[in-house]
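There are 2 protein chains.
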Amino acid sequence: MQAIIASTSTIHGSSYLEYLLPTLETHFADVEDILFIPFARSGGITHDDYTEKAKKGLKPCGKNVRGLHEFKDPKKAIASAEAIFVGGGNTFLLVKQLHELGLMDVLRTAIDAGAPYLGTSAGSNIFGLTMQTTNDMPIVYPPSFKTLGLLDFNINAHYKDPDLKSTHKGETRETRIKEFQNLNSVIVVGLREGSWLKVSDSKITLENNFSARIFEPGQLAYEIDPNAILNFN
Amino acid sequence: MQAIIASTSTIHGSSYLEYLLPTLETHFADVEDILFIPFARSGGITHDDYTEKAKKGLKPCGKNVRGLHEFKDPKKAIASAEAIFVGGGNTFLLVKQLHELGLMDVLRTAIDAGAPYLGTSAGSNIFGLTMQTTNDMPIVYPPSFKTLGLLDFNINAHYKDPDLKSTHKGETRETRIKEFQNLNSVIVVGLREGSWLKVSDSKITLENNFSARIFEPGQLAYEIDPNAILNFN
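If you're matching them up, the sequences are chains A and B in order.
Be aware that the first sequence starts at 33, since it is given in the working numbering, and climbs by one per residue.
Be aware that the second sequence starts at 33, since it is given in the working numbering, and climbs by one per residue.
Don't take each hint at face value.
Chain copies aren't distinguished; within one or between two, either way the pair holds.
[Unchecked claim] Dumping the calculated BS3-like pairs for lysine-lysine here, alpha-carbon to alpha-carbon at most 25 Å:
| # | residue 1 | residue 2 |
| --- | --- | --- |
| 1 | Lys-104 | Lys-88 |
| 2 | Lys-178 | Lys-88 |
| 3 | Lys-107 | Lys-197 |
| 4 | Lys-107 | Lys-128 |
| 5 | Lys-85 | Lys-201 |
| 6 | Lys-192 | Lys-107 |
| 7 | Lys-88 | Lys-201 |
| 8 | Lys-95 | Lys-230 |
| 9 | Lys-87 | Lys-201 |
| 10 | Lys-210 | Lys-192 |
Calculated from the structure, these hints are not laboratory results.
Fair warning: this is a prediction, and the values are worked out from it, not measured in the lab.
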């Protein structure tokens, strides 16, 4: 299994996927065709437009990108994909469609069998055990919150530190994750924007220049440094 | 129907429910007993502790407060309640329990029949058509996102304006609400902290000193002034 699990597709002051390009050139070095799954996007743009955006973002890598919606048989398209990229948007919308089209298992199998995977934001959330640590609004009702389970923890993408000066009474991200852990014994990795996890079979490293915040049930949250190996056993 | 639908239980620099007390003295003037529903709270405190907090907050009104968890028959307790207060916490957790215990209909009926209602945060979200515009994390899986439907729109509690200086790439609240409306033709009222809706039968007014942000599907979002009457027909 080879995967890049990124907190965000885009960092401030840079274009779509730009900060990931050197990594992606290596990650996708042995493939020609990348299958793009545009299902998370609800924001007024079509699957065609979103796929066009992915194509443009990945252009410097010189790969062919096709959207899953272009295929008659999406199961077959995933099963035979050389490489897979699941883009961001709304995690509820993405998970609903993957379940309803029966694609969760075939996606897991394809990645397990070695198709290099790229996830950004919602596409990273689904790599964990469940989508229950998403920041997204429940704009649709998925048949289940279970996701790929290719990691034995959950991701919180776009992890944000509490604003200590804020007078706002809505819960902080850390409070929300602790509420989740009051009811679910699942480790959560808070990935700051600009960070990604590099998954190489069972070895998982935190990449780029940011620490990540780790929430283990029943423990105080702590930071891990860039280049740390994640190992919770 | 008489209801106070508040964005938050607590405003900065003030104690639990304090800013609402003058309003609640009038709202609950004709009742002696208030039934408190503590089900939204996941954060390490028990239903007893949360009910104690509600009791303390409402003490200046001189009412008796009992938690729904203290009753053997919660349906009967709701049906015979003089007044009802549903506190904040996690909306997924609240909605899951109300559905699973079969309490959504009996709650709607009691409020419809005239029991004065107070909702704060999650307790306000459930007054709308669905819980789909909550800001909360999906820490549990409810059997449905449908809620009381005593308003013909949805609430977004703790409404927060975009931080124009932010470099964070997570979606703004406004973006999330628009994503919801790409898929659901439902009006959303963004209630800023410190605001509440006063519902008096079919008349709904925005109370206190803040404007509210109104999202009608297919239109630009707009503001309504304090004391405005909400009328979307």
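Hint by hint, here is what the structure shows:
In the homo-oligomer, the alpha carbons of Lys-104 and Lys-88 lie at most 25 Å apart inside one protomer (24 Å), although the nearest pairing across protomers, at 61 Å, exceeds that limit. Proximity of Lys-178 and Lys-88 under a CA criterion of 25 Å is satisfied in neither setting, with 31 Å inside one chain copy and 40 Å between copies. Proximity of Lys-107 and Lys-197 under a CA criterion of 25 Å is satisfied in neither setting, with 49 Å inside one chain copy and 43 Å between copies. For the homomeric pair Lys-107 and Lys-128, the shortest alpha-carbon distance inside one copy (15 Å) is at most 25 Å, but the shortest distance between copies (33 Å) is not.
Proximity of Lys-85 to Lys-201 under the C-alpha cut-off of 25 Å is restricted to the inter-copy arrangement: shortest distance 17 Å between copies versus 37 Å within a copy. In this homomeric assembly, Lys-192 and Lys-107 never come within 25 Å of each other (Cα to Cα): the closest approach is 35 Å inside a single copy and 41 Å across copies. With identical chains, the CA atoms of Lys-88 and Lys-201 are at most 25 Å apart between copies only, with a shortest distance of 19 Å across copies and 40 Å within one. Taking CA atoms no more than 25 Å apart as the test, Lys-95 paired with Lys-230 passes inside one copy only; the shortest distance there is 20 Å, against 58 Å between copies.
Taking identical chains as interchangeable, the C-alpha atoms of Lys-87 and Lys-201 lie at most 25 Å apart only when they sit on different chains, with a minimum of 21 Å there against 41 Å within one chain. In the homo-oligomer, the alpha carbons of Lys-210 and Lys-192 lie at most 25 Å apart both inside one protomer (14 Å) and across protomers (22 Å), since each shortest distance falls under that limit.
Going down the numbered hints, you'll see the structure goes against 2, 3, 6, while the others check out.
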